[in-house]
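Novice: The primary structure of each chain is shown beneath.
Number of protein chains: 2
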Amino acid sequence: MAGVDDGVFFPAEKLRAWTELVFQRIGVSREDAALLTDSMIEANLRGVDTHGITRMLCVYVKRMQVGVVNPKTQLQVVREHPSTALIDCRNGIGQVASRHAMRLTMEKAKTTGVAFVATTHSNHYGMAAYWAMMALPAGMIGFSSTNAPAAVAPTGGRTPMMGTNPFAIAIPAGVEQPMVLDMATTVVARGRIILHAKQNKPLEPGWAFDERGAPTTDPLEAAKGLLAPIGGYKGYGIALAVDFLSGVLTGSNYGAHFPGFLADNLSDPTDVGSIFAAINVANFMDLPEFQARMDAAIREIKASAKAEGVTRIYIPGEIEFETRAKRLAEGIPIPEQIVQDFVALGKEVGVPFPAVGA
Amino acid sequence: MAGVDDGVFFPAEKLRAWTELVFQRIGVSREDAALLTDSMIEANLRGVDTHGITRMLCVYVKRMQVGVVNPKTQLQVVREHPSTALIDCRNGIGQVASRHAMRLTMEKAKTTGVAFVATTHSNHYGMAAYWAMMALPAGMIGFSSTNAPAAVAPTGGRTPMMGTNPFAIAIPAGVEQPMVLDMATTVVARGRIILHAKQNKPLEPGWAFDERGAPTTDPLEAAKGLLAPIGGYKGYGIALAVDFLSGVLTGSNYGAHFPGFLADNLSDPTDVGSIFAAINVANFMDLPEFQARMDAAIREIKASAKAEGVTRIYIPGEIEFETRAKRLAEGIPIPEQIVQDFVALGKEVGVPFPAVGA
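Chains as they are written, first to last, in the working numbering: chain E, 1 to 358; chain G, 1001 to 1358.
None of these hints come from the bench; they were simulated from the model.
The list that follows gives simulated cross-link-like pairs (lysine to any residue, SDA-like), each with its CA atoms no further than 20 Å apart:
no. : chain 1 : residue 1 : chain 2 : residue 2
1   : E       : K306      : G       : A1256
2   : G       : K1110     : E       : R79
3   : G       : K1306     : E       : G232
4   : E       : K306      : G       : D1210
5   : E       : K306      : G       : T1155
6   : E       : K224      : G       : A1307
7   : E       : K14       : E       : A325
8   : G       : K1306     : E       : R212
9   : G       : K1062     : G       : I1194
Chain G is faced by these chain E residues, among others (derived, beta-carbon under 8 Å):
no. : residue
10  : M179
11  : F244
12  : I279
13  : M285
14  : M294
15  : K306
Note that beta-carbon positions come from the ideal geometry of N, C-alpha and C, so glycine has one too.
Same shape as in the complex, but just chain E (with noise of 0.2 Å):
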């Protein structure tokens, strides 16, 4: 939904044996520059742009270039019981925390059935889809939301009060590809917008309204306004839990106190709050015969009967497997003007960013 197709392709493996580089490069450990930059190939290989590479890298390089966010993670668990934990990210990398808990919510979930960790003063953890299908080779059903600096008014309102707040469920399935719903609480999400703004496109109506709360198909107007919730009042309302969840009940930001988690804030920390969960299938049922039954109801969904002109039904996540596959047998499409900003980063920190055929 968020890709762009046109640009430059690379293979997979390349951007991700320099990305690698540029974070260890910058400070960032071994092991966590390969999360990291996993979790963002992994964001481009899905489609999902606005989280890959293309929108994120410069971003992370340089906010932790000037100490805004430490590139030497060290988490320490604040609170912890035998099915919730509170970690503290302590302004390091928001992927290495969302990894150390979500890894910590299965491993409790094992154990209880259940299990739900959140992580406090972190940073932009990337795309939530990411840590929720971490539950699926464990046979669990994974759950994972932020929040995030605010750019939707409450219902009736017209100042920003909460993020796009986004969250992600994965459910394995057997045969067929895993249920995978990974989905921001407004119409589009910002970086959708600001992509159309950097292509000069204008948005969809019904995406965003402006400063003054009037809706506008103009991206510079929307990226300076307010992105529109899914289904009004109800989306302000799921998007204030997850705020009240992520940010309130963790310690962290919360409503219209952050500092932007990108590259408009060079200054503060952001103090995003997160949060996991994991359900052990097997609790409620055994595993195969969970697996069997979600092939059979996938399967009844896709084979149901089709709107005038259209041709196919998906599950949610399914474009997403099917662009992944196509992308790692193409490559990953970097816009041309990002290849520019990569071959200056590359520069910058001396690991030179690979030409196409290289």
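Since chain E is already given, all that's left is putting chain G on it; use the hints.
Specialist: Chain G only, in chain E's frame:
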């Protein structure tokens, strides 16, 4: 939102006493009748008349009378672990299973920090918020969701393959009212369509589709057709996730397999699945600190700048708390037609429906 403010006003306690007796007369135990009644009266008090006695009482009674729901609920805990359980409702009363499930959820969350309990082979469980709100006095965050007979097509489809699959989240505050989000994953609930049909009122555009998948504002066409999910494919994804968790994971019905669970089906058990979760706040933050943070966050939202023509910004659940106070004072409005239904029901079971002044 789903309320009606015209009709004859009855004191809640008068309706409660009568409804409890009606249920007892058709074979429901005193304790279960009190719970079932309370869950419905609370729905009416909160203005959620679609789940109050207004719409549900005659349906519940009829289904128990014909034996399609067992009025003598005999629950069985099928699987149990430190933070999870699966409860078989054995086609008893959905509310009785839900109370047991939510109590067990809270008991487990008290020990382990979080719990997730599901019910299977259950029935309509009423207003989702009722179960989520059970967590509030215990200093917990409550969650509940359920699947339901199909009324929503997947994106690109035109066959109902999912229910409105509502969910509720209740988050305690301090001095402020708690946040209580209770929403169907459709733009409106099916009950609202049916209320409009009964009142012969046209729908608002965007609420529903007819049987061919075309948009309609005719409540009778919509009642035979499809409800529109919020945010298009996003609402479809949420409804599907709820169905996979409530139906597929629990061994209950799912997707298009449901017989109706209201007056449209008086022959087959519905076999609904429902899910319940609770998070113990103190596992993450001392409760008084959390309550103070919630109060601050709520006040910030409510004090934020308003869009033109708006006089007030609401927190999810706030309108329902105010409606409850109003209806406790002024009575619950029962539409004339439904008063007649209640009088007839009272005669039938030998518990005369009280006159307004009686």
